[in-house]
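Which chain is which? The protein sequence lines are A and B, in order. FYI, numbering that gives the first Met the number 0 numbers position 428 of the first sequence as 427, with every residue one higher than the one before it. FYI, numbering that gives the first Met the number 0 numbers position 349 of the second sequence as 348, with every residue one higher than the one before it.
Just so you know, these hints were derived from the structure itself, not from any lab. Incorrect hints may appear among the rest.
Said to hold, decoys possible - With the C-beta cut set under 8 Å, the calculated list includes, among others, these residues of chain A facing chain B:
| hint | residue |
| --- | --- |
| 1 | 13 |
| 2 | 115 |
| 3 | 213 |
Built from N, CA and C at the ideal position, the CB exists for glycine as well.
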Amino acid sequence: MKAMPTHATNWRDLRLVLRPFLAAQPRPLLLGCLLAAVTVLAGMALLGLSGWFITATALAGLHAATAFTFDVFMPSAGIRLLALGRTASRYGERLVTHDATFAVLAALRVRLFRGWAKAEAARELLMRPARLLFRLTADIDALESLYLRLLVPAAAALGAALLAGVVLGFMHVAMGLALMLWLVTVGWGIAFVVARRARRPAVQRAHAIEALRARAVDLVAGQTDLVMAGRIGAQRQALMNADMHLAKADLALNKLEAAAGFAYGSAGTLTLVGVLLAVGLLVGEGVIGAPAAALALLVALTATEPFAALRRGALDAGRTWLAVRRLAPRMSEESASTSTANEPDATLALQLKRVTVVHDGSRTPVLSDVTLTLNAGERVALIGASGAGKSTLLAAIAGEITPQSGSKSAQPACLLTQRTELFQDSLRDNLRLAAPNATDDQLHAVLHAAGLEDEVRALATGLDTRLGEGGLGLSGGQSRRLALARLLLRPVPLWLLDEPTEALDAATAHDVLQRLARHAGPRTLLIATHLRREAALADRLVCMRQGRIVADLRRGTEAFDAALRSLRPD
Amino acid sequence: MTKHSPSRSPLRAFASPDVGGVVQGAAALFWLPQAALLAMAVQGLASGRGFAAVIWPAGAILLLGLLRAGCEAWGARRTFTRARAQLTALREQTAAALAGSSPLDRSRAPSGLAASVLAEQAEALVPYLVRYQPARWRATVVPIFVLCAVAAFSWVAALVLLFAAPLIPVFMAIVGWRAKAASEAQMVEMGGMNAFLLDRLRGLATLRALDAVETTAQRLGDAAQSLRRRTMAVLRIAFLSSAVLELFSALGVAMVAAYVGFHLLGSLGFGTWGRTLSLGEGLFVLLLAPAFFEPLRELSAVWHDRAAGEAALEALDRLQRNDLPLPGANASLTRAATGVPGGAPAIAIHNLHFSWPGEQQEVFEGYELRIAAGEHIALMGPSGSGKTALLSILAGLVPATRGEISIGGVALTDHTVAALRQRMTWMGQAPHVFAGSVETNVALGRVGVDAPQVAEAMRFASLEAVTQAHPGVTLGEGGHGLSGGEAVRLALARVAVHPHADLLLVDEPTAHLDTETAERVADALVALARGKTLVVATHDPVLAARMDRAVNLGAEALEKAA
Numbered sequence: 000m001k002a003m004p005t006h007a008t009n010w011r012d013l014r015l016v017l018r019p020f021l022a023a024q025p026r027p028l029l030l031g032c033l034l035a036a037v038t039v040l041a042g043m044a045l046l047g048l049s050g051w052f053i054t055a056t057a058l059a060g061l062h063a064a065t066a067f068t069f070d071v072f073m074p075s076a077g078i079r080l081l082a083l084g085r086t087a088s089r090y091g092e093r094l095v096t097h098d099a100t101f102a103v104l105a106a107l108r109v110r111l112f113r114g115w116a117k118a119e120a121a122r123e124l125l126m127r128p129a130r131l132l133f134r135l136t137a138d139i140d141a142l143e144s145l146y147l148r149l150l151v152p153a154a155a156a157l158g159a160a161l162l163a164g165v166v167l168g169f170m171h172v173a174m175g176l177a178l179m180l181w182l183v184t185v186g187w188g189i190a191f192v193v194a195r196r197a198r199r200p201a202v203q204r205a206h207a208i209e210a211l212r213a214r215a216v217d218l219v220a221g222q223t224d225l226v227m228a229g230r231i232g233a234q235r236q237a238l239m240n241a242d243m244h245l246a247k248a249d250l251a252l253n254k255l256e257a258a259a260g261f262a263y264g265s266a267g268t269l270t271l272v273g274v275l276l277a278v279g280l281l282v283g284e285g286v287i288g289a290p291a292a293a294l295a296l297l298v299a300l301t302a303t304e305p306f307a308a309l310r311r312g313a314l315d316a317g318r319t320w321l322a323v324r325r326l327a328p329r330m331s332e333e334s335a336s337t338s339t340a341n342e343p344d345a346t347l348a349l350q351l352k353r354v355t356v357v358h359d360g361s362r363t364p365v366l367s368d369v370t371l372t373l374n375a376g377e378r379v380a381l382i383g384a385s386g387a388g389k390s391t392l393l394a395a396i397a398g399e400i401t402p403q404s405g406s407k408s409a410q411p412a413c414l415l416t417q418r419t420e421l422f423q424d425s426l427r428d429n430l431r432l433a434a435p436n437a438t439d440d441q442l443h444a445v446l447h448a449a450g451l452e453d454e455v456r457a458l459a460t461g462l463d464t465r466l467g468e469g470g471l472g473l474s475g476g477q478s479r480r481l482a483l484a485r486l487l488l489r490p491v492p493l494w495l496l497d498e499p500t501e502a503l504d505a506a507t508a509h510d511v512l513q514r515l516a517r518h519a520g521p522r523t524l525l526i527a528t529h530l531r532r533e534a535a536l537a538d539r540l541v542c543m544r545q546g547r548i549v550a551d552l553r554r555g556t557e558a559f560d561a562a563l564r565s566l567r568p569d
Numbered sequence: 000m001t002k003h004s005p006s007r008s009p010l011r012a013f014a015s016p017d018v019g020g021v022v023q024g025a026a027a028l029f030w031l032p033q034a035a036l037l038a039m040a041v042q043g044l045a046s047g048r049g050f051a052a053v054i055w056p057a058g059a060i061l062l063l064g065l066l067r068a069g070c071e072a073w074g075a076r077r078t079f080t081r082a083r084a085q086l087t088a089l090r091e092q093t094a095a096a097l098a099g100s101s102p103l104d105r106s107r108a109p110s111g112l113a114a115s116v117l118a119e120q121a122e123a124l125v126p127y128l129v130r131y132q133p134a135r136w137r138a139t140v141v142p143i144f145v146l147c148a149v150a151a152f153s154w155v156a157a158l159v160l161l162f163a164a165p166l167i168p169v170f171m172a173i174v175g176w177r178a179k180a181a182s183e184a185q186m187v188e189m190g191g192m193n194a195f196l197l198d199r200l201r202g203l204a205t206l207r208a209l210d211a212v213e214t215t216a217q218r219l220g221d222a223a224q225s226l227r228r229r230t231m232a233v234l235r236i237a238f239l240s241s242a243v244l245e246l247f248s249a250l251g252v253a254m255v256a257a258y259v260g261f262h263l264l265g266s267l268g269f270g271t272w273g274r275t276l277s278l279g280e281g282l283f284v285l286l287l288a289p290a291f292f293e294p295l296r297e298l299s300a301v302w303h304d305r306a307a308g309e310a311a312l313e314a315l316d317r318l319q320r321n322d323l324p325l326p327g328a329n330a331s332l333t334r335a336a337t338g339v340p341g342g343a344p345a346i347a348i349h350n351l352h353f354s355w356p357g358e359q360q361e362v363f364e365g366y367e368l369r370i371a372a373g374e375h376i377a378l379m380g381p382s383g384s385g386k387t388a389l390l391s392i393l394a395g396l397v398p399a400t401r402g403e404i405s406i407g408g409v410a411l412t413d414h415t416v417a418a419l420r421q422r423m424t425w426m427g428q429a430p431h432v433f434a435g436s437v438e439t440n441v442a443l444g445r446v447g448v449d450a451p452q453v454a455e456a457m458r459f460a461s462l463e464a465v466t467q468a469h470p471g472v473t474l475g476e477g478g479h480g481l482s483g484g485e486a487v488r489l490a491l492a493r494v495a496v497h498p499h500a501d502l503l504l505v506d507e508p509t510a511h512l513d514t515e516t517a518e519r520v521a522d523a524l525v526a527l528a529r530g531k532t533l534v535v536a537t538h539d540p541v542l543a544a545r546m547d548r549a550v551n552l553g554a555e556a557l558e559k560a561a
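Looking at chain A on its own, in the form it has when it is part of the complex:
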């Protein structure tokens, strides 16, 4: 009873992942399988025809008369044609299958990206450790082998079984049918059994390698803490422990692989011996001649070879299955509808009423009963100790978090995240994320406003300069300025700034803040901060404590100045 639903889920997951796989490129995928089959068939035919030719010529050569009339041209031309044909189809097969796989994986990545790019998912991702992001890449790679290693060889092997069956069927129908059935049953059967039994060690392997990776990170990045706690040796031990588990899974998989190799090898020999006995009988009864027997033997000899290629794919199937299980949830729906933000009337930039946010699985709310109204054009600083809920509030306003209760109406807003998020791309394309149609002149203008223009012009490749992963290659100050320039390109009336100058040195920070203030113009600003220099930009301080707003101070009051003074200086 219990197995049924899991079985159904497996199939649903597989369909979800396979559908884009197959729907995107059905023809090349099919063509790849066909060419693989043709290659195998040409190889079989080449050897089979050669065997027939030799045997036939030997019999014909016994008598001068038959030797003279024997038609050598058709078979020898056929042999040459098959030799060339096999080469061509093999080449074509490799090109087509690789091209199709790349195309499918490209489509898959886009689909996954869209799957993740939903409101809640974005935040969830941010909370996720790098390990899980890394897992995603391993999963995508695992899917690659599904087509190249499993589907293509399976198709080629089927073709081989059919050809062998047909060729032998012409000599004797029952023999042909029996061979075909035997090949398909045994060839696919072994692959199926191996795939099933490889699942557990494959999953264990995937987990062990993740553990090994995490422990290696901990060993290097946490070395200081470990050395000081006297635990560095224990960590090394833990690392090698993960390797031990990995080795165990590896050995289990290798055992399966060796067993599968033995099974395929034995099956191949059994096929050959079976056909040998069968043709012996048939020749003895005079049903077929010796050349046909040679043909049948050589076809049988080559027919099991393509099945052995299934071995690798079957071993990988366990890992692929895991990848399918993990990726399916993100592929289930088409891209999410954009959140329908109701806009407040023109004089208000933001209106929050009794907003409460509780993270999944937690009992204490991160935001409780927050009510906040911002007039258009106001500059407001959100202050409070770390963990007071400032970032959560900004995320809720930006729509990254859906509150459990309460209502929100906000003008179109843009969030400048605490961590500068730049991308592995050219400077130009990093900026153009905010305005896809911006001209270079416009880009230079915003760079100028952000105080980065001279530095960009000084670069040899200017706007074409490529940044590394996460914007690597720029200093902290440069990154922040670039993020600022990007923000300036964004035509929205409400800016949500999360600690805009954190981790910058004082001089750079003051410069960035000045530019920010100058170019904000009539926009409404909401700044989450614990720094005096940032809060000084605001005319109103909203103080938070443990997820609640505890004070709302206006510039010019004693309390405002006191609150400002309590913040950290540079």
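Given the coordinates of chain A, work out where chain B should sit on it, guided by the hints.
For chain B alone, coordinates are given in the frame of chain A:
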């Protein structure tokens, strides 16, 4: 050079093929008698002996086939077990080298790189040892046997094979191997698409804020498509090499078949040592032809295993390079002579010299400092003045170039450092968050730390709120789950859980914290350090004012520069 050579030692054993490889290679030779039996059977059939002609050969072929499959499986198992053990040995060696280098070594690999080399890249070693090495051995041995067997019957057929075989490497070299390298580079770039996706996923909040999800999705698709076109352009040439191999092996078989056929027909009388081949002999020669090329095809299929395996070896080797050793990493732990713990230690630094490796500028030149037992001292000074360096030297995380340091009357040496560290606790600028629960992150698996102690330390650092915010969450690699304030509280709890330590070394505990949190951290530190020696490096004048004494490292450096 000699320093790195040991890393290769686990592999030296592979220079000669082991028993597993030999058995695997020998198994391929079983085909020779099998082919002979098969040819005999057909000859028997052709001469009209009927079913009786096939019974004995069938039995023998079956036996040989099972034997061959068994040998192959046994050899594969053996080779794999051995190769896997080599991988474990190399990993152990690399992990030891990583653990034995100073965490302050600026030239060492970042943790992400180290992890991916040690975990994923190292995996490439096994296919290299398991597939490439035996395949290479087979490719040198098996064709020779086959060639000899063929030549025994027909030197022409042997010549045909001999002619085709050397041409394969020649043509493959012309079109193949360079293109193969290019294609491997292209495949790496293809893997870069994953990096592209990850890069964008990490910045998803910003992409959503900029309303750029759609454009990014399109760019992701476009980039993948253009890369695919470029990759295919390279592969079109790279695959030619395997096509050449196919072509020659197919033509080799075809030519042998044609020659034997025409010979049997009587049209080509030469090439067989002056006699005429029988059908069985001709068939035997034909059956051996594909077996001649098979090992070569196999070798070409595992060619990239070699490149990946050697790259992995090199990467592991690089990880083991060690410019700045961790003091005491290779010394046996001496428990003796660390002084009687009973009072907080005094610290004496005499004639300390230190410079970062590869840098001319000395951070310390004959530096002198005395810290009284139980004194609380702040190290001040601009960035680069050596605050962190001094703390690290005291903790034995980095070796001093020269000079004497004594802690509680015990000289800090390679032999005493491990024991001395037992009385220290360390709170760094950015505490590493380990993969695991908050509790394990506090205890760090230290011996003698029990659950109530951890709970007590967590209460002290008000970490319960953190556990509540992330219930059941495994904190992980990079610790994105913790805010700056939460991370500092975690570091405090780590100090608090070790109440017997009497020397506290603390680096910038209040940097980037809001005033309220900073004040709480300072309170906690002072409370923890009561009756103990405390050395804290800081920029924060508020925190420095709460210490007994402030030492300005920068001032001295300036004096020297003047």
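Hint check results:
1. 13: 22 Å, violated
2. 115: Check passed: Cβ of residue 115 of chain A comes within 6 Å of chain B, closer than 8 Å.
3. 213: 4 Å, holds
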